[in-house]
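Chains B, H, U and D, in that order, are what the protein sequence lines are.
Just so you know, the first sequence maps onto residues 21 to 276 in the numbering used here.
Just so you know, the second sequence maps onto residues 21 to 276 in the numbering used here.
Just so you know, the third sequence maps onto residues 21 to 276 in the numbering used here.
Just so you know, the fourth sequence maps onto residues 21 to 276 in the numbering used here.
Any given hint could turn out to be false.
Which copy is meant is left open, so a pair is good if it fits within one copy or across any two.
To be verified - List time: in silico DSBU-like cross-link candidates among lysine-lysine, alpha-carbon distance up to 30 Å: (1) K122 x K23; (2) K240 x K23; (3) K122 x K22; (4) K214 x K96; (5) K240 x K214; (6) K44 x K129; (7) K96 x K122; (8) K96 x K23; (9) K122 x K44; (10) K214 x K22; (11) K96 x K22; (12) K214 x K23; (13) K23 x K44; (14) K122 x K240.
Worth flagging that the hints you see were computed from the coordinates, not collected in a lab.
Protein chains: 4
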Amino acid sequence: MKKVCLIIGAGAGIGGSVGNRFAKEGYHAALCRRSDGNGLQALVNRIEEEGGSASGHLLNAVEDNALETLVTAVEKIGPIDTVLFNLGAQIGNRSLETTTLKNFELGWKMACLGLFRLAKAVIPLMESRGGGNLLVTSATAAVRGNAGQHSHAAAMGGRRMLCQTLNAEYASRGIHVAHIIVDGAVDAPDTLGKMLGETQFNALRQARGGDKDGLLLPTKMAETYFHLAQQHRSAWTHELDLRSYTDLAWWNHEVH
Amino acid sequence: MKKVCLIIGAGAGIGGSVGNRFAKEGYHAALCRRSDGNGLQALVNRIEEEGGSASGHLLNAVEDNALETLVTAVEKIGPIDTVLFNLGAQIGNRSLETTTLKNFELGWKMACLGLFRLAKAVIPLMESRGGGNLLVTSATAAVRGNAGQHSHAAAMGGRRMLCQTLNAEYASRGIHVAHIIVDGAVDAPDTLGKMLGETQFNALRQARGGDKDGLLLPTKMAETYFHLAQQHRSAWTHELDLRSYTDLAWWNHEVH
Amino acid sequence: MKKVCLIIGAGAGIGGSVGNRFAKEGYHAALCRRSDGNGLQALVNRIEEEGGSASGHLLNAVEDNALETLVTAVEKIGPIDTVLFNLGAQIGNRSLETTTLKNFELGWKMACLGLFRLAKAVIPLMESRGGGNLLVTSATAAVRGNAGQHSHAAAMGGRRMLCQTLNAEYASRGIHVAHIIVDGAVDAPDTLGKMLGETQFNALRQARGGDKDGLLLPTKMAETYFHLAQQHRSAWTHELDLRSYTDLAWWNHEVH
Amino acid sequence: MKKVCLIIGAGAGIGGSVGNRFAKEGYHAALCRRSDGNGLQALVNRIEEEGGSASGHLLNAVEDNALETLVTAVEKIGPIDTVLFNLGAQIGNRSLETTTLKNFELGWKMACLGLFRLAKAVIPLMESRGGGNLLVTSATAAVRGNAGQHSHAAAMGGRRMLCQTLNAEYASRGIHVAHIIVDGAVDAPDTLGKMLGETQFNALRQARGGDKDGLLLPTKMAETYFHLAQQHRSAWTHELDLRSYTDLAWWNHEVH
Numbered sequence: 021m022k023k024v025c026l027i028i029g030a031g032a033g034i035g036g037s038v039g040n041r042f043a044k045e046g047y048h049a050a051l052c053r054r055s056d057g058n059g060l061q062a063l064v065n066r067i068e069e070e071g072g073s074a075s076g077h078l079l080n081a082v083e084d085n086a087l088e089t090l091v092t093a094v095e096k097i098g099p100i101d102t103v104l105f106n107l108g109a110q111i112g113n114r115s116l117e118t119t120t121l122k123n124f125e126l127g128w129k130m131a132c133l134g135l136f137r138l139a140k141a142v143i144p145l146m147e148s149r150g151g152g153n154l155l156v157t158s159a160t161a162a163v164r165g166n167a168g169q170h171s172h173a174a175a176m177g178g179r180r181m182l183c184q185t186l187n188a189e190y191a192s193r194g195i196h197v198a199h200i201i202v203d204g205a206v207d208a209p210d211t212l213g214k215m216l217g218e219t220q221f222n223a224l225r226q227a228r229g230g231d232k233d234g235l236l237l238p239t240k241m242a243e244t245y246f247h248l249a250q251q252h253r254s255a256w257t258h259e260l261d262l263r264s265y266t267d268l269a270w271w272n273h274e275v276h
Numbered sequence: 021m022k023k024v025c026l027i028i029g030a031g032a033g034i035g036g037s038v039g040n041r042f043a044k045e046g047y048h049a050a051l052c053r054r055s056d057g058n059g060l061q062a063l064v065n066r067i068e069e070e071g072g073s074a075s076g077h078l079l080n081a082v083e084d085n086a087l088e089t090l091v092t093a094v095e096k097i098g099p100i101d102t103v104l105f106n107l108g109a110q111i112g113n114r115s116l117e118t119t120t121l122k123n124f125e126l127g128w129k130m131a132c133l134g135l136f137r138l139a140k141a142v143i144p145l146m147e148s149r150g151g152g153n154l155l156v157t158s159a160t161a162a163v164r165g166n167a168g169q170h171s172h173a174a175a176m177g178g179r180r181m182l183c184q185t186l187n188a189e190y191a192s193r194g195i196h197v198a199h200i201i202v203d204g205a206v207d208a209p210d211t212l213g214k215m216l217g218e219t220q221f222n223a224l225r226q227a228r229g230g231d232k233d234g235l236l237l238p239t240k241m242a243e244t245y246f247h248l249a250q251q252h253r254s255a256w257t258h259e260l261d262l263r264s265y266t267d268l269a270w271w272n273h274e275v276h
Numbered sequence: 021m022k023k024v025c026l027i028i029g030a031g032a033g034i035g036g037s038v039g040n041r042f043a044k045e046g047y048h049a050a051l052c053r054r055s056d057g058n059g060l061q062a063l064v065n066r067i068e069e070e071g072g073s074a075s076g077h078l079l080n081a082v083e084d085n086a087l088e089t090l091v092t093a094v095e096k097i098g099p100i101d102t103v104l105f106n107l108g109a110q111i112g113n114r115s116l117e118t119t120t121l122k123n124f125e126l127g128w129k130m131a132c133l134g135l136f137r138l139a140k141a142v143i144p145l146m147e148s149r150g151g152g153n154l155l156v157t158s159a160t161a162a163v164r165g166n167a168g169q170h171s172h173a174a175a176m177g178g179r180r181m182l183c184q185t186l187n188a189e190y191a192s193r194g195i196h197v198a199h200i201i202v203d204g205a206v207d208a209p210d211t212l213g214k215m216l217g218e219t220q221f222n223a224l225r226q227a228r229g230g231d232k233d234g235l236l237l238p239t240k241m242a243e244t245y246f247h248l249a250q251q252h253r254s255a256w257t258h259e260l261d262l263r264s265y266t267d268l269a270w271w272n273h274e275v276h
Numbered sequence: 021m022k023k024v025c026l027i028i029g030a031g032a033g034i035g036g037s038v039g040n041r042f043a044k045e046g047y048h049a050a051l052c053r054r055s056d057g058n059g060l061q062a063l064v065n066r067i068e069e070e071g072g073s074a075s076g077h078l079l080n081a082v083e084d085n086a087l088e089t090l091v092t093a094v095e096k097i098g099p100i101d102t103v104l105f106n107l108g109a110q111i112g113n114r115s116l117e118t119t120t121l122k123n124f125e126l127g128w129k130m131a132c133l134g135l136f137r138l139a140k141a142v143i144p145l146m147e148s149r150g151g152g153n154l155l156v157t158s159a160t161a162a163v164r165g166n167a168g169q170h171s172h173a174a175a176m177g178g179r180r181m182l183c184q185t186l187n188a189e190y191a192s193r194g195i196h197v198a199h200i201i202v203d204g205a206v207d208a209p210d211t212l213g214k215m216l217g218e219t220q221f222n223a224l225r226q227a228r229g230g231d232k233d234g235l236l237l238p239t240k241m242a243e244t245y246f247h248l249a250q251q252h253r254s255a256w257t258h259e260l261d262l263r264s265y266t267d268l269a270w271w272n273h274e275v276h
């Protein structure tokens, strides 16, 4: 039975690339997303064509018991060794007035409550087997709140603190929690591409030097995700940042 | 008509002391708490006996429209110049297993959603009058997550990022948002005292040098809260910490 | 004998304004700067004309024993209760190539070693009298390093950590160390004005809304410096930021 | 001609292990330390016995021109692709009174000025070849100052800000600067072992679960150092932490 890497939020960007990377190393990749069963199946097919093992799971992560049921189902495929929690909650910039209570609650349910529920479901299983990895994709909004980011920043700020409380409780019990601050635009047509629209997304890619590497490339990011899951327990990383060489770090301003 | 200082979370600790301090300077103190109408009335009476103006308001902040209705009602007393959001969400240390979904959601509703709802209700009124102050009592859990603090830290971490997004959107429009990190035990029988129980609370006070100043004294903290609301807009503080001289800062460890 | 407030770095901006503020409250203001004895005397005269007590001291803070000798001399005027360490080390943006070893060393000597030497000289005296305040003006460069700030950021980053080690060792012994992050342009002709030149400085003031309050006004900042020195030891602030309402916080980016 | 990995501070701990790791992947490891030529030669020999390429260089990094001369000499062996700046400046806990000006200056010269000088010497060479990696071993003291750490924390805090200014200036020009926060005790007899003495060091190892992995194992840390140097420029990490699973993160306190 293969070790499982469970990906919550597996589109054509980070999630899919990480699933692919783990599958290449012999893991079963359990890929989950909310919609687009065809796109999901395409990801599974690609992994299988390259000789890997994968399965696709549609789920609405904010529904009661959805994550808990998923964990139970995936454990039948194999023991979950690594989980990537990759749900975002970015809805673009909205003023306080136009950010609704519903926006605010949904952001929290996706980005913060979802991680809490997942952790409650999967960490005890990992602990009973001696260890496991919980990789959490995060965003700049987890460390600073910009204008227009009321919903997103509040959700991600909560998520970051939750990663710390999980680490504080479980590191010594063999669970490696890693909080990965993605501090830049990702070259992901499914997420950033949809948010910006095709024209603006392509303009951004061109402005950053064409389709080469001015945006964060998911296949390259996946190398670091995989490395984190392989770190020896004597030398674990809890938090790191990722950005393209062309990007300003969030703490820097343009110097004129 | 007096300027109003509205206190959300007015017990015998920080909230009551801040209300008292503002009332001494000529503000009407609108004091709100969830229960104990007698205790609330006692706070109001004390302010009035000293020649100040105050009113008491019972509200359950997590109920739909409670905060919004409160703001409307208090505005009839006078224009809200300063709000102190002083709701905590500390429930003591609980393991992941014993932290329920309900705990986690309630913590967020109190500490994070409550601030968002309050901001939506009151900031536009302040802005229409050219300015105002939103003071937010916060905790160490807003900047680091300790074991057992899953609910509290996730809620406060979200709150801190929300304070930053509010500041980023509204500072230039005259609204001063201040995030006050209370990094130590407060000498407050209503909150810490109740959580610890009388015996343990008194033992802590004795260990810190009796009833003088080893814990954070709410009347002394209130001086800084009041100062923040008086800062000129050319020199605003967004974030500061408060602790007793006997306390280790959260980032320090005992040196042996 | 009056309590002394000793200002290291007293120009027409923060240093002079803080001296003035303390003198109004009955302190003797001992004002120190490197050069321009006439300007220094003018500050002293102004304080005395308003009924306060002040003295002027020229010193080159990076010379061996200069700070130590100063402390001894000023203690003869009265007991030093509060020190403001207000030396900057900003030399504008320089590339790595054009930042010399001499620049780098001088920045450190002013901003970091100077504070260490001062602390060694003055803190034991304060401690022997039961307490005192060490206020340290700091800059955004203490918390993040921008391009071109090699010398300044390295010096200020060291200074911030030194403030923390001093606080960790001395808070419980009655010494209040406060690290004040000035996160914006100060309306100070002596420092920013000289660095930018008169034309560019006036243009900046106009762009921020004329001479009213778009830049940090030193007289208003002085209110917060004074407040910090008056905080009761049960509720001390170790770190806070100051910026004008028109300024973006250092962690925010313009949203387009 | 092999690509060179230059290690400044190559003892039997992190430095030697990183050199070994890079040598295994085909780099020439240029190993530098201040003293113990025999120990240095033993490191070189071990690498060569395993089929790798290495050279040993004794240098006193705080001497004028020592680092600059070293860079010139090593470039004759091959182009420097990666530098590990691994000089520490920990001298144990000392009170303010017993920390001398000489301690304070030496700490800065080692930990902060040394990096500045190295960067000035090596980065232009890397840039002329299109890129390179500057890996900087750092310590908890770079992000918080504990009591007794005046010299160490001031030096490391400056170092961290310098890493940020270097990154801000050079990332877009192909230079990857990584600041690695080693937040725990390293199983290194040459450094921690010497500081604690053999008896106390062995007691610490036993308390952490014997010689297995309760302390940070340098050979395991080296995996992450190597990974950082291999990250694609579209997904670079600037800062990460490393600690053993048994260690509390610096921001956590024991929960009782």
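Status of each hint after checking the structure:
Proximity of K122 to K23 under the C-alpha cut-off of 30 Å is found in neither arrangement, the shortest distances being 38 Å within a copy and 33 Å between copies. For the identical chains of this complex, K240 and K23 are neighbours both inside a copy (22 Å) and across copies (22 Å), given an alpha-carbon limit of 30 Å. In this homomeric assembly, K122 and K22 never come within 30 Å of each other (Cα to Cα): the closest approach is 40 Å inside a single copy and 35 Å across copies. For the homomeric pair K214 and K96, neither the shortest alpha-carbon distance inside one copy (34 Å) nor that between copies (46 Å) is at most 30 Å.
In this homomeric assembly, K240 and K214 come within 30 Å of each other (Cα to Cα) only inside a single copy, at 21 Å, whereas the closest approach across copies is 40 Å. Proximity of K44 and K129 under a CA criterion of 30 Å is satisfied in neither setting, with 32 Å inside one chain copy and 43 Å between copies. Within a single copy, K96 and K122 get their C-alpha atoms only as close as 35 Å, which misses the 30 Å cut-off; across copies the closest is 29 Å, which meets it. In the homo-oligomer, the alpha carbons of K96 and K23 lie at most 30 Å apart inside one protomer (11 Å), although the nearest pairing across protomers, at 48 Å, exceeds that limit.
Taking the shortest Cα distances, K122 and K44 never come within 30 Å of each other, neither inside one copy (40 Å) nor across copies (40 Å). For a Cα distance limit of 30 Å, the shortest separation of K214 from K22 qualifies neither inside one copy, at 34 Å, nor across copies, at 45 Å. Taking the shortest alpha-carbon separations for K96 and K22, only the intra-copy value of 11 Å comes in at or below 30 Å, while the best inter-copy value is 49 Å. In this assembly of identical chains, K214 and K23 lie within 30 Å of each other by CA distance neither inside one copy nor across copies; the values are 33 Å within and 42 Å between.
Within a single copy, K23 and K44 get their C-alpha atoms as close as 12 Å, and across copies as close as 29 Å, so both meet the 30 Å cut-off. Taking the shortest Cα distances, K122 and K240 never come within 30 Å of each other, neither inside one copy (35 Å) nor across copies (39 Å).
Comparing the model with each numbered hint stated earlier shows that hints 1, 3, 4, 6, 9, 10, 12, 14 do not hold.
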